[in-house]
Amino acid sequence: MSEKITHEESHGFNRDVINYIQNASAHGLYEIRGLGAKRALPSFDDLLFLAGSASRYPLEGYREKCVTKTVLGTRFAKNPIVLDMPITIAGMSFGSLSANVKEALGLAATELGTTTTTGDGGMTQEERQSSKTLVYQCLPSRYGFNPDDLRKANAIEVVIGQGAKPGGGGMLLGQKINPRVAGMRTLPEGIDQRSACRHPDWTGPDDLVIKINELREMTDWQVPIYVKIGATRVYNDVKLAVHAGADVVVVDGMQGGTAATQTVFIEHVGIPTLAAVRQAVEALEDLNMKDKVQLVVSGGIRTGADVAKALAMGADAVAIGQGVLFALGCNNETYFQNGEHHSALADYKKLGTAPGFCHHCHTGKCPVGVTTQDPILEQRLNPEVAAKHVRNYFKTLNMELTTIARACGKSNVHHLEREDLVALTIEAAAMAKLPLAGTNWIPGVPL
Amino acid sequence: MDLSKVSVRELNQYLHHDLAKAGVKHVNITNPDGAHNIAVGLDADVSVDIQGHAGYYAAGMNKTANVTIHGNAGTGVAENMMSGTVRVKGFASASAGATGHGGTLIIEGDASLRCGISMKGIDIVVGGDVGSYSAFMAQAGNMVVCGNAGDALGDSLYEAVLYVRGEIRSLGADAEEQKMTEQDIKKVGDLLKKAGFDYNAKEFKRIASAKKLYHWNADAKQEY
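Protein sequence lines correspond, in order, to chains A and B. Residue numbering for the first sequence is 1 to 447, as defined by the working numbering. Residue numbering for the second sequence is 448 to 671, as defined by the working numbering.
Watch out, some of these pointers could steer you wrong.
[Claimed, not checked] Below, in silico cross-link-like pairs of lysine-lysine (DSBU-like), each with a Cα-Cα straight-line distance of 35 Å or less: (1) B:K658 to A:K349; (2) B:K536 to A:K350; (3) B:K633 to B:K659; (4) A:K78 to B:K510; (5) B:K510 to A:K132; (6) A:K152 to B:K510; (7) A:K152 to B:K659; (8) B:K536 to A:K152; (9) B:K658 to A:K350; (10) A:K292 to B:K452; (11) B:K452 to B:K510; (12) B:K472 to A:K152; (13) A:K132 to B:K468; (14) A:K433 to A:K65; (15) A:K365 to B:K633; (16) A:K349 to B:K633; (17) A:K78 to B:K658; (18) B:K452 to A:K239.
[As the list claims (entries may be wrong)] Computed footprint of chain A on chain B, listed as stretches where at least three residues anywhere in the stretch have a Cβ under 8 Å from a Cβ of chain A: (19) 486 to 495; (20) 529 to 540; (21) 545 to 551; (22) 589 to 602.
[Claimed, not checked] Coverage of chain B stretches by chain A, computed from C-beta distances (three or more under 8 Å per stretch; other residues unrestricted): (23) 500 to 507; (24) 618 to 626.
It is worth saying that the hints were derived from the structure and are not from the lab. The structure displayed is predicted, hence computed values, not measured ones. Note that beta-carbon positions come from the ideal geometry of N, C-alpha and C, so glycine has one too.
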């Protein structure tokens, strides 16, 4: 009788779960990693556009005008932000990213007519010089935060939370705290640096009103104030941000990325961007503040289709972080240095990973020089070459966005609307409050 | 400047822009009546007297200027201060001197919760007591407390050093009492003198980080 090996894998205790338990039992530590949620979530992929046909009139895809101009911060600021496209670069810190990357993002954003954003750790000279329009974050840690840089900013973003870790602070591990990063953050070199999860000088929405006014007074009411929230109780949080005086609300869904956070946080806290954007828009509409306070949506935006769906759902613009990192070369097999491509495979292997799977931003040993402070590794990214890649990426997204908008008969991408969308799954239909494709059924809404 | 006749916006506009042009070296602010954001963002060699109580963030992000509040101060007085001096003649509410990078904050009365939270180089001298969670995640600078301290003093301290003359209800995670050195005594003496407080520097205890949480590790208990 021949022996037969069976391969019946447990659903509850599959190889990934067994691996997690065995790692936990070996080390007694939770995992910290970079990037965003890897689990399958309801997303913009679960929505489809209903383009023009007999009942709607499409525009010619390559020729007829389709406006992408976007204005943010029209509520109180004397100088709102005017963008050439509704696609911006999300806040990412110097510390998690190298100075070369921050410079590259500034160069790309300037060329594209959009904004880039500082992060935890303050504003670097490189990014200020390379960015025509720069958003300056006011984070709980206030690392590197100072009035001189505040006054150099074109907009200020008060960060309450981040989609990858709403309710949690950051962790920049010691290997990324080089002398410059340590100096900007007023911390010793090489320590594992924690970022606070709540602001030091205000505790609730009533205080936030006064804090926002302080920032306005500091900057003589010139620049817009954004408030960024990690997506959890979005409907109430957006309402409170509006009441607090925000010009722009940024809602970051749970697919948003991070430089280093506990995996349990990344995968189990927050709600998907798809659900968040609908709640945010409802909050603005219920306050009669839609189009008076602008909405920026982030968290897992990858393609022009994602941008178009976010806008159709009611966002005014999107912010992209992880997509930008991939455009810079994150998870590439090679890096480009001294005029030629070099293999990075051996360095991925040293980290115990491979291109396409790497999330080791937290180690500071990025094989392609994106998320590192290592003086040798950071040379693997040339700011001008990297800026070109980001520019190409955003241009592609913008072309895809206008292609869809024209197909839906819109001469302005901001005319995309919920009526242009249907949902592919019941979950997406319920979260987005859109009809299931081919039906008039919206779960939870009486027919 | 009479805040019963001009708005805080007009006052700050004057302080930010017109003051330097006019070569003014002293500004007297009357009838503050607890207004918020008085004299935020000063960046001039000027002395400012606020004749009464101030609301939130008075003298926030101050640079260079010397500001005296002749009354009590609301939440976040001198928050994120860079340089200069801010003196509160009365009591200070929560988060006094929060995230301050430099300069000196003197509070003649008590300071409430979270005094010196995330301080980054500022010197804070408090004539009375400080509330709980003071110097939470304090990164650099010195805090001298002539009275008592509440719960969880110096929780998750980095390099800031705290000196307390009175009782400490409890220390926070990773904060510990350390031996006062001659350097500490001199430093405390200098700060007391600057603040105008007549206490013996040798009476103070030194609280600083044990540095056991500087690196994330499996041996650190979750209930610190």
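Here's how the hints hold up against the structure:
1. Only pairs whose Cα atoms come within 35 Å are accepted, and K658 (chain B) paired with K349 (chain A) is accepted, the gap being roughly 34 Å.
2. Taking the CA atoms of K536 (chain B) and K350 (chain A), the gap is about 60 Å. The hint is violated against a cut of 35 Å.
3. Among the hinted pairs, K633 (chain B) with K659 (chain B) is consistent with the structure: their alpha-carbon atoms are about 27 Å apart, no more than 35 Å.
4. With a C-alpha separation of about 25 Å, the suggested pair K78 (chain A) and K510 (chain B) falls inside the 35 Å cut-off, and the hint holds.
5. A distance of roughly 27 Å separates the Cα atoms of K510 (chain B) and K132 (chain A); the hinted pair therefore holds under the 35 Å criterion.
6. Taking the CA atoms of K152 (chain A) and K510 (chain B), the gap is about 16 Å. The hint holds against a cut of 35 Å.
7. The hinted pair formed by K152 (chain A) and K659 (chain B) fails the criterion: a straight-line CA distance of about 38 Å is larger than 35 Å.
8. Taken as a hint, the K536 (chain B) and K152 (chain A) pair is honoured in the structure, with Cα atoms around 34 Å apart against an allowance of 35 Å.
9. With a CA separation close to 31 Å, the supplied pair K658 (chain B) and K350 (chain A) stays within the 35 Å bound.
10. Taking the CA atoms of K292 (chain A) and K452 (chain B), the gap is about 32 Å. The hint holds against a cut of 35 Å.
11. Distance check on the hinted pair: K452 (chain B) and K510 (chain B) sit about 26 Å apart at the alpha-carbon level, within 35 Å; holds.
12. About 26 Å separates the Cα atoms of K472 (chain B) and K152 (chain A), which keeps this hinted pair within 35 Å; it holds.
13. Restraint check for K132 (chain A) and K468 (chain B): the C-alpha separation of about 29 Å stays at or below 35 Å, so the hint holds.
14. As the CA atoms of K433 (chain A) and K65 (chain A) are separated by approximately 31 Å, the hinted pair is consistent with the 35 Å bound.
15. The straight-line distance between the Cα atoms of K365 (chain A) and K633 (chain B) is roughly 44 Å, outside the 35 Å bound, and the hint therefore fails.
16. Between K349 (chain A) and K633 (chain B) the CA atoms are separated by roughly 54 Å; this puts the pair beyond 35 Å, and the hint is violated.
17. Between K78 (chain A) and K658 (chain B), the direct Cα distance comes to roughly 47 Å. Violation of the 35 Å bound is thereby established for this hinted pair.
18. With a CA separation close to 33 Å, the supplied pair K452 (chain B) and K239 (chain A) stays within the 35 Å bound.
19. Counting residues of the region 486 to 495 of chain B whose beta carbon lies closer than 8 Å to any beta carbon of chain A gives 3, which meets the minimum of three for the stated coverage.
20. Counting residues of the region 529 to 540 of chain B whose CB falls under 8 Å from any CB of chain A gives 1; the rule of at least 3 is not met.
21. Given a C-beta distance limit of less than 8 Å, the hint that chain A covers the region 545 to 551 of chain B holds, as 3 residues qualify and 3 suffice.
22. As drawn, the region 589 to 602 of chain B meets chain A at 0 residues by the rule of a beta-carbon pair under 8 Å; below three, the given contact is violated.
23. Three residues within the 8 Å Cβ limit are the bar, and the region 500 to 507 of chain B against chain A gives 4, so the coverage statement holds.
24. Look at the region 618 to 626 of chain B against chain A: 0 of its residues bring a Cβ nearer than 8 Å to a Cβ of that chain, fewer than three, so the hint is violated.
The structure fails hints 2, 7, 15, 16, 17, 20, 22, 24 (numbered hints given earlier, in ascending order).
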